[in-house]
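Visitor: Here is how the chains run, residue by residue.
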Amino acid sequence: MSATKLGRKVLIVEDEKHLLDLYRLELEEEGYKVATAESGKAALKVSESFEPDLVVLDIRLGDEEGLRVLSDLKYQKKDRPVILNSAYTHYKHDFSSWSADAYVVKSGDMSELKDKIRSLLQS
Amino acid sequence: MDSSKCPLDLPEGTDCWINSILDGKSLDEISLPRDRVSSCVKCPYFKESVQRSMGRRSSDLLMSQAVSRLLSILSDYNAELSGMATDLHHKIEKLTVLKTVAEAFLKAANLKDCLWVFLTGVTAGEAYGFNRAAVFLVNQPRRALEGQLGIGHVRLEDFKDTWDSIKKSRLTFQEMIRRIIDQPDLPENHLTELVRKIYIPLTPQFGLLPKAVLERRSFTVPELTEEHITDRQMLSVFGGRPCAIVPIISRDSALGVVVVDNPVTGADISQEDISMLETLSYLAASKINNLILNNQLEVRVAELEHVYNLLQDNQEYLLETERLVEAGKLATTIAHEIKTPLVTIGGYSRRALKAFERGDNITRDLQILVEEIARLEWITSGVLDYSKKRTLNLRNVNLNSIINETLEIVQGKLTYGNIDVVLQLSESELIVKADKDRLKQVLFNLLDNAIQAMPDGGTLTVSTGTDGGYEWFKIVDSGCGMSQKTIDKLFQPFFTTRSSGVGLGLPVSQRIVADHGGYLEVSSELEHGSVFTVNLPVHRQEMKG
Chain X
19 MSATKLGRKV
29 LIVEDEKHLL
39 DLYRLELEEE
49 GYKVATAESG
59 KAALKVSESF
69 EPDLVVLDIR
79 LGDEEGLRVL
89 SDLKYQKKDR
99 PVILNSAYTH
109 YKHDFSSWSA
119 DAYVVKSGDM
129 SELKDKIRSL
139 LQS
Chain A
8 MDSSKCPLDL
18 PEGTDCWINS
28 ILDGKSLDEI
38 SLPRDRVSSC
48 VKCPYFKESV
58 QRSMGRRSSD
68 LLMSQAVSRL
78 LSILSDYNAE
88 LSGMATDLHH
98 KIEKLTVLKT
108 VAEAFLKAAN
118 LKDCLWVFLT
128 GVTAGEAYGF
138 NRAAVFLVNQ
148 PRRALEGQLG
158 IGHVRLEDFK
168 DTWDSIKKSR
178 LTFQEMIRRI
188 IDQPDLPENH
198 LTELVRKIYI
208 PLTPQFGLLP
218 KAVLERRSFT
228 VPELTEEHIT
238 DRQMLSVFGG
248 RPCAIVPIIS
258 RDSALGVVVV
268 DNPVTGADIS
278 QEDISMLETL
288 SYLAASKINN
298 LILNNQLEVR
308 VAELEHVYNL
318 LQDNQEYLLE
328 TERLVEAGKL
338 ATTIAHEIKT
348 PLVTIGGYSR
358 RALKAFERGD
368 NITRDLQILV
378 EEIARLEWIT
388 SGVLDYSKKR
398 TLNLRNVNLN
408 SIINETLEIV
418 QGKLTYGNID
428 VVLQLSESEL
438 IVKADKDRLK
448 QVLFNLLDNA
458 IQAMPDGGTL
468 TVSTGTDGGY
478 EWFKIVDSGC
488 GMSQKTIDKL
498 FQPFFTTRSS
508 GVGLGLPVSQ
518 RIVADHGGYL
528 EVSSELEHGS
538 VFTVNLPVHR
548 QEMKG
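For the protein sequence lines, the chains are X and A, in the order given. Just so we're aligned, residue 19 is where the first sequence starts under our numbering, counting upward by one. Just so we're aligned, residue 8 is where the second sequence starts under our numbering, counting upward by one.
So that you can see chain X by itself, here it is in the shape it has in the complex:
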């Protein structure tokens, strides 16, 4: 566990309960402080109080379009990195996804996501 991760806060926005738990467990084991939200509305609320250093955002959220939450999150804090995490690959080509700092396609192997979080928090 590297010193840089200690105390860095990550917010995970995901409407799939089991997946959300998986991300939380995996990232906590990496040494991050993790908060979770199951909807876009909750994400904006939690991010205000939790003040995460980075957000992992699922695009296809139940109540709201993830891309709209992305712009709201960026409006809240412009410099905070947001990683779009989706089962779809085609959002990569959507203009509104460009304001995200990284785009990770969902996978059972979470190493890509972890690498992206690490590198974004280091820069």
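Since the hints were derived computationally from the structure, they do not count as laboratory data. Keep in mind the model is a prediction, meaning the values are calculated, not measured. Glycine included, every Cβ here is placed at the ideal spot set by N, Cα and C. Please note that a few of the clues may not be correct.
[To be verified] Partial list, computed: chain A residues near chain X (C-beta under 7 Å): (1) P229; (2) H343; (3) V350.
[Stated by the list, open to error] Only some residues are given here: those of chain A computed to face chain X with a beta carbon under 7 Å: (4) T347; (5) T351; (6) G353; (7) G354; (8) R371; (9) I375.
With chain X fixed as given, assemble chain A onto it according to the hints.
Guide: Relative to chain X, chain A alone:
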């Protein structure tokens, strides 16, 4: 009474010639107009004068001279009358030909038959008797005359055999015409073959054929040369002999020309022949015009049919494309729906493996794996349900008991979701002929949707009843309700407002209900909830597989 005057006074002031003879005038001095002879022989004075003169020698001589003169006049007159009778007979024959041809035109179903009738009229010995005839019609879009049909022969030596065989066959003109109309395939001949190759632009410099059409008048030439016709093939057949060219004129346009000649008999083509031919052409023209219009109409209809077929093919192609798009959408949705549990399974499997290696408890991980795999199965069977047609296993089913059984399945969700259930079931037993499992599936889908619509709890009312030949059950929730936009898309496959779910529950339910001969109704009000009603027919004779 003045004996020198005509007692009948015909015409006024005329001398009575018999009295003049009796008075001693010489025959040369007497004018005896032919038209008066018939009146004189009936005249009572004439008879009286003849009787009076009997026995007078001088008068007898005069009388015999007068009678001989009378006889000669009458004989001339008779010859003339018989000539007129022949003429009249000839004219009647030609009129009969016209009548036969006119009747045949009425029966001619196509242009080919019509032209055959026309040219047979022109060439048949009993009819107009030209040795040879060819017809050319105007092709309006190409502004040209095109050869259509010829009757007769290219080589003169071929005529004899044809004429002999016609003679032997003893076919009358009427019979010939009837054969043309009745025969499905008319014989081809060399003249027609040749004539069909002839194409003459419709401008005067190309000779008398276009000229006859453009000026709408007939031409006769004593010897057809290249001055009259520029087309070489035409010249090779008709050149060097007398020939007539008559336009075929309908009320408003010249449709073509008919060319006739008499290469075998060498008979003169008289002005009378031309005017009869003009009459026949005029008769043919209106029928030809109709058939040309009919042909054009047929071509248009064929074109339209072609376009229609193209459209139909296109429509099938579009439908196929639509199906492919739907299939594509299905594939995308399924891919996404399957991807999420697969990612979860992948993630937890890796965790479980690591935990197992460490000797940690992996029960929780395995529990999640089981749940996610169950979800995959659920998605898969949903897709199969939608895409496969199943045979209905029809039994008498009690609606009330199906409702109770299904409510038991969702009891956990109802309690957990803080949802009160109100049951308003019909007191009498409601029996429908249905596939119990499929009907339960419909009920489950509707109950699940109702529960999803009330995330903060609420009231679920389930009722049953009978109405107008249908037995129904109704699921009413007090949830968020739906906008009209959502209702409109509700039964479209893959439409979903939920984060999880394939969007197939309602389309599948609708299909099941329809397979039972019933229908599914929906009404909703935003913030007040939705009502789903399943109507099933009371009596159903036959079920769809």
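Visitor: Looking back at the hints listed earlier, which ones does the structure fail to meet?
Guide: 1 and 8
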